[in-house]
Amino acid sequence: MVNLIVDDKEIKVEEGKSVLQACLENSIFIPNMCFIKTREHPHASCRLCFVEIDGLDRPVTSCTEKVREGLVVRTATPQVRRLQRMAFKLLMSAHHCQPKVCPAKDGCQLIRTAKHLEVGLNPRPLERLERDVEEEVDLIFFTYYPFRCVLCGKCVYVCRQRNGHNPLTFAKRGFDTVIGFITSGDPADAPCHHCGACANVCPTGALVLKPEYTEAIGVEGSR
Amino acid sequence: MSRVDIKKRFTLIQREAARRAEEKKTEGIPTIYIVMSTCGLASGAAETKQAFEEALSHKSIEARIVPVGCLGHCYAEPLVVIDHPTSGFPPICYHQVSAARAQVLVGSYLEKGDPVFKYVLGATEENDLIPAVMDFPRFNLEQRLVMEQCGRINPDDIYQYVAEGGYEGLVKALASDPEEVIAEIETSGLRGRGGAGFPAGRKWRLARGAGPDEKIVICNADEGDPGAYMDRTILESNPHQLLEGLAICAYAIGANQATVYVRAEYPLAVKTIQQAIKSSEKLSLLGSSILGTSFNLEVIVFQGSGAFVCGEETALIQSIEGKRGMPQHRPPYPVEKGLWGRPTVVNNVKTLSSVPSIMNRGAAWFRSIGTENSPGTAIFSVVGNVVHPGLVEIAMGTSLRTLIFDVCGGIPKKKSFKAVQIGGPSGGCLPESFLDTPIDFDSLTEAGAMMGSGGMVVMDENSCMVDVSRYFLDFTQKESCGKCTFCRIGTRHLLTILDRITKGEGREEDLGLLETLSEDIKSGSLCGLGKTAPNPVLTSLKYFLDEYEAHIREKRCPALKCRALTAFYIDLEKCARGCDVCVGCCPVEAIFTATGRKKAIDQELCVKCGECMVVCPPEYDAVEKISPPELAPIIERPPEKK
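Sequence order for the protein chains is L and C. All the letters of the first sequence, read from the start, carry residue numbers 1 to 223 under the numbering used here. All the letters of the second sequence, read from the start, carry residue numbers 224 to 865 under the numbering used here.
Misleading hints may appear alongside valid ones.
Said to hold, decoys possible - Only some residues are given here: those of chain C computed to face chain L with a beta carbon under 10 Å:
| id | residue |
| --- | --- |
| 1 | LYS701 |
| 2 | ILE712 |
| 3 | GLY713 |
| 4 | ARG715 |
| 5 | LEU718 |
Keep in mind the hints are simulated off the structure, nothing from the lab. As the structure is a computational prediction, the values presented were derived from the model and not from experiment. Virtual Cβ for every residue (Gly too), placed ideally from N, Cα, C.
Here chain L stands alone, though its shape is the one from the complex (with noise of 0.2 Å):
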């Protein structure tokens, strides 16, 4: 067990842990969206969990530090809150939030983040900028929904851990980045039959399952 001091609160976690992942577990709340605690190799994609740690020059991300006896942690200076808020507004800025017809609107993790964050869901200074995708995309199982996606990865990684070779992937580049559903053979072989991890997974409820193979799969298919 180490020792660390989180908002001159000490905390007492194993070692091992992640910063973000000791702070979570301790209900001290940091932003995230990509972050998966069983996964070897943080994602760090997302660029929320940004804290402050003594002796270190500039904010960092607490999912890709490990937790060290006596370290001093911040997680709400000017600076770190300036990193994230940009972060969030950045993510905004290519989101279309949907209350209405949102399928996670009761544990939307970006109404969380802007709650903790005290900001808007707008993302004023910055304008909100136009994609050439589609609304709604068919990936046979699933409808995925390229707006409402922040790119966190989650799916992509659950799919690889559950599946070995994954049908889910990245695809394209830059901000026209998605995620694609690619498989070599006939689709109807996918393992997606029987898993349904990725929809679960995803917290902004950008890749929802089918509604005829909700059941057949028995999760949750909403999000």
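Please build the complex by placing chain C on the supplied structure of chain L, with the hints as guidance.
Structure of chain C alone, referenced to chain L:
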């Protein structure tokens, strides 16, 4: 295997190389060296070669044609060196040798002994008859260390490399302890030439000390900066120097496997390096039990599929593993856990190519070149508005002014210097006040640019700095892997803002937003690509703020570059009565005849292509460009005659 045995085996190879070189000399027939790397081929070197062959056979003249790599003098391609021993002249370098000139050279020089002075660039050695190229600043201010043999030897002939002292560094390394090799590289102070300048020796030591696992060496030849082509040239012109460096590194860190990661867009480089690997293996300079020792090294070539981000080492490793080229958070660094989870050294082409001469001539010699903290040389591909563009290798510490004005001949057409963009899309634009900055890792970073991999774009007074930033951001946002928020979405916002400024739709608050967003992308991004992507914006905001302000507040482009903010008009005072060249060239029929048979432009129809300005005869020079467009005088089109 004792040191003596290694040397004995190598001496046999050296003797064969010397014998072959001697044989050529004693034959006494002329040798025609043709620069046939990608740049030469693009300028028509293949046609030149064919013309030489045909002319020689037509006239039944015996001569040897040797394809060589690039000399770095792009402005003079296709380049040919003719060594005609019986003519009494030294070897002569000819510039812009087209197929027609090739025929002339065969007829006049090889047949009749007249060296055709008007095509001569210079002699390649000192003599009393023809000025030597070494007397020109483009040659004598350079200090060639990595590119010493480029363009002088046939890249496909390993013996030519050996004859010039090649593989002696490897032999020396094999005869020493790996620790001694690392110590030598550490003492030399060699820093990684890929951009960040991490000390190569320290990287090697970290990898060697990283556990019992077998190590791997990767040569990063995924050169993707727009306008940069140093790595391609080295691969195409002297592949064995790189392989020798690779082998020394592998021996030092304890690797039996090496990968050369080359862009698939460099087909000639891929072919050349593959051929070089084969011929080194044949002579037991690579492969199993190298020169009879217990050291084995398998070198494979991996072709990258054209993603700029794969030049980032963690993305490069992902790509080799068959995954999507996306950077990973470091640590773990590749030296701890790299390709297939093994300790991996990733070094740039120029870094590894510097290694053989360090082993051969010693660390102290290397340190004597360049500066205290950045020893050795820097290679730049200097492009843009300079008289002599091309590849330049200079000692570190040389000033930007010397490089641009003395080596590369300054700005053409009597225009004035405006800025230099160093380090490609990750670098920065430096104004005139920085011309005396010495070129080394630390000084350039301090100035807000970076050494990068060596791209350098020189810009004259007609370059709009907002437009230049927009160009680079367009590149980086397209090449972002899409993984992290700041780079994926942030760079797109920067582009959108720059786009609207160049279109005259900029807003006052855009300046602050550009700066805040750039700073946040810099500190918030996951990998080096994202962290450096805003540099062109930040440096141009810092040094050329007035241009941004002019675009936003006055809707004016000071460099007259941004199309939406400029207009063309014809100065009636200068326009010649009755000349109508401009009318004929206008693609949209926007030019009409005004009073006095002079011409005018209909601003509504004009698409601002600038053709009229190009064709207007210089003695009139009547077409003017102006910004903001409202300043262009409006001339009514006369009513159509019935």
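Which numbered hints turn out to be false for this structure?
Those not satisfied: there are none.
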